[in-house]
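Okay, here's what each chain looks like letter by letter:
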Amino acid sequence: MQHRFNSPEGPVEVTLGKSANGYTLAGHSIEQTGDGRLRILLSDGRTSYAHVAKVGDTWWVHLNGQTYRWERIEPGASSSQHEGGLVAPMPGKVLEVLVTEGAEVEAGTPLMVLEAMKMEHRIVAANDGVITAIHFQAGDQVTQGAVLLELDD
Amino acid sequence: MINKVLVANRGEIACRILRACREAGVQTVAVCASNDVGSLFMEMADECVLLEGDSIGETYLDQEQIIKAAQTTGSDAIHPGFGFLSERAPFARLVQDSGIIWIGPSPEAIEQMGDKMTARQTMRDAGVPVIPGEEVESEDEHEALQLLLDSSTRVGYPLLLKASSGGGGKGMRAVHDPADFLQAAEGARREAVAAFGDGRIYIERLLNGSKHIEIQILADRHGRTIHLGERECSVQRRHQKVFEEAPGPTMTPELREAMGQAAVQAAQAVDYEGAGTVEFLLAPSGEFFFLEMNTRIQVEHPVTELVTGTDIVREQLRIAAGQPMSCGDLSIRGHAIEVRLYAEDAANNFLPSIGPLAVFRPPEGPGIRLDTGVREGDDVTPNYDPMLAKLIVWAPSRVEALQRMRRALDDFVILGTTTNIRFLRELCDAQPVVDGSTTTTTIDEHWPNGWVAASSPMFEDASLLAAAAGETMGLHRKTTSKSGEHFSDVPSPFSTLNRRYP
Chain A
14 MQHRFNSPEG PVEVTLGKSA NGYTLAGHSI EQTGDGRLRI LLSDGRTSYA HVAKVGDTWW
74 VHLNGQTYRW ERIEPGASSS QHEGGLVAPM PGKVLEVLVT EGAEVEAGTP LMVLEAMKME
134 HRIVAANDGV ITAIHFQAGD QVTQGAVLLE LDD
Chain B
150 MINKVLVANR GEIACRILRA CREAGVQTVA VCASNDVGSL FMEMADECVL LEGDSIGETY
210 LDQEQIIKAA QTTGSDAIHP GFGFLSERAP FARLVQDSGI IWIGPSPEAI EQMGDKMTAR
270 QTMRDAGVPV IPGEEVESED EHEALQLLLD SSTRVGYPLL LKASSGGGGK GMRAVHDPAD
330 FLQAAEGARR EAVAAFGDGR IYIERLLNGS KHIEIQILAD RHGRTIHLGE RECSVQRRHQ
390 KVFEEAPGPT MTPELREAMG QAAVQAAQAV DYEGAGTVEF LLAPSGEFFF LEMNTRIQVE
450 HPVTELVTGT DIVREQLRIA AGQPMSCGDL SIRGHAIEVR LYAEDAANNF LPSIGPLAVF
510 RPPEGPGIRL DTGVREGDDV TPNYDPMLAK LIVWAPSRVE ALQRMRRALD DFVILGTTTN
570 IRFLRELCDA QPVVDGSTTT TTIDEHWPNG WVAASSPMFE DASLLAAAAG ETMGLHRKTT
630 SKSGEHFSDV PSPFSTLNRR YP
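Note that the protein sequences, when read in sequence, are chains A and B.
Counting with my numbering, you get residues 14 to 166 for the letters of the first sequence.
Counting with my numbering, you get residues 150 to 651 for the letters of the second sequence.
Be a bit skeptical, because a hint or two may be false.
Claimed, not checked - Chain B regions said to be covered by chain A (calculated; three or more residues, Cβ under 8 Å):
hint, segment
1, 332-342
2, 505-515
3, 614-622
Stated by the list, open to error - Over 12 Å on every C-beta distance to chain A, these chain B residues come out as not near it, computed from the model:
hint, residue
4, 153
5, 171
6, 187
7, 195
8, 278
9, 306
10, 401
11, 403
12, 476
13, 481
14, 593
15, 594
To be verified - Partial chain A-side listing against chain B, Cβ under 7 Å, derived:
hint, residue
16, 14
17, 43
18, 63
19, 65
20, 73
21, 74
22, 77
23, 83
24, 129
25, 133
By construction, these hints were calculated from the structure, which means they are not laboratory data.
The beta carbon of each residue, even a glycine, is placed where N, CA and C say it ideally should be.
The following block holds chain A by itself, in its conformation from the complex (with noise of 0.2 Å):
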């Protein structure tokens, strides 16, 4: 009963326990109830209700107010995060290309506007770097996690 999931901080390796009717972790265990949230017997002896829903490869928790995701890693994946690449964090329309191939930008720097929603949203240099490639001009329709622009270190 081992999992794999992907959160803020990095990869999490989850191996849960049996219990009579159900799981256990870190001192919590965990049974289904009729109506298909999960009831969850906390540590300190309180007892919370989880709402659950896998939407692609993450499953979404909502629990005690708060909702977390995890993204599970389906087992033999490799974590293929597109290194260098800057992405579009939701899809939208180029309005502008501030800066051009080749280009030395230190963090920070505007490279590029999106409009989203009818919002204007800069894409920033997150590293000091060159500008390697561009791959949308002012105009280009782009969806989310497209890549933008390439810079390197």
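Fit chain B to the given chain A structure using the hints.
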């Protein structure tokens, strides 16, 4: 008499109006772009006309197409809601010239108030105080920027650039440093051209530490122009309101009377008819200044409805039909708070988010009202404004209303799309919100480095257990889903979508 209303809008506000019409026994027609087919508002109308075209301009902003839809369906009135065509005077005129009742003020009143630069002049003439600032009139972009730059030195910093046709924070920029002025002005102008087709910009002094207070107005054809008291909407992010309440936590009866009178004066100056809102900035000095008048129903109208016992949309229908409004004298009872739920990542500069509403379970219980245009199973798309719902609570006192809002936000479950629910919940604990000292800069001051959710290692571990157990139990495979998405079993959304009054 109005027998059939066409609602020229979509989403949450379309639902609000369609419900009011249903309650009033009025037939309804919705108009709907192809990417909105299957939306909740479409279901609520007696008839629905599909708008041809792809962009917003070709659909919800296509005046001819909407008039034609009203004519072919035999609608005798059009309700524009907010946004879209609601403040376009030429549309109001076209509606009236087509022999259809326009549920709103006259085209002339919209013109005088809708253009923010004209409105400032009209208010100055009517003796209503306006924010110090300057208007710039120029067709030429280069010249306009130069004139703006000149007037910026006279107005002084910090200042606010605003689009004359603006609204909803679009085409608006705060400038603190003269070095940033030109870039900000260009950005504001571009955003204004894109959103409103009008790049005219004006400058106002930025009054930091001010409260945003607005007065709800109703005016009928029988000689009555009244105000329904104030709403405080100071708490804003990106110049958009997220937390609104009535009455204002620091309001006094004397100030309410003075602001109410100024608002009534403003409405009368343009022979106003119907529902409208006069917005003011209340400076720390106690002086108040006219900001703008919104010549339409407003997003945050429910808080006024809850504390005054009024149904503003029903009053709009009455007034447009030529009947006297039914409200009596102003009386304010208890306290109401509204928060706006957005599909956005509050931890990442409030960037809009998209995704499926795999689970959408609003809170229930006494004093809770939900106005929404979505239900479980819908997709949040980048096509329209990312507001998902308005959660409104009423309680006998402000303290109890805040307590109720905290509980309601804790109970609100939305899975599949990132929302600002947790941000709103923590906002309810922010000291300025608790003690009612909120200003338009509260969010920036309270979270100078941006908001990050407070973490609890115990619940984080427990949530990881829930995710791992969900996977092990195969919850995503067992469930019955609507559109092939992996949903967990939850009660029918239809049992939770009723509008509730306290």
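Taking the hints in turn, this is what the structure says about them:
no.: 1; hint: 332-342; result: holds (count 3)
no.: 2; hint: 505-515; result: holds (count 4)
no.: 3; hint: 614-622; result: holds (count 9)
no.: 4; hint: 153; result: holds (32 Å)
no.: 5; hint: 171; result: holds (30 Å)
no.: 6; hint: 187; result: holds (19 Å)
no.: 7; hint: 195; result: holds (31 Å)
no.: 8; hint: 278; result: holds (31 Å)
no.: 9; hint: 306; result: holds (22 Å)
no.: 10; hint: 401; result: holds (35 Å)
no.: 11; hint: 403; result: holds (39 Å)
no.: 12; hint: 476; result: holds (35 Å)
no.: 13; hint: 481; result: holds (31 Å)
no.: 14; hint: 593; result: holds (17 Å)
no.: 15; hint: 594; result: holds (22 Å)
no.: 16; hint: 14; result: holds (6 Å)
no.: 17; hint: 43; result: holds (5 Å)
no.: 18; hint: 63; result: holds (4 Å)
no.: 19; hint: 65; result: holds (4 Å)
no.: 20; hint: 73; result: holds (4 Å)
no.: 21; hint: 74; result: holds (4 Å)
no.: 22; hint: 77; result: holds (5 Å)
no.: 23; hint: 83; result: holds (4 Å)
no.: 24; hint: 129; result: holds (6 Å)
no.: 25; hint: 133; result: holds (6 Å)
Checked against the numbered hints above, the structure breaks none of them.
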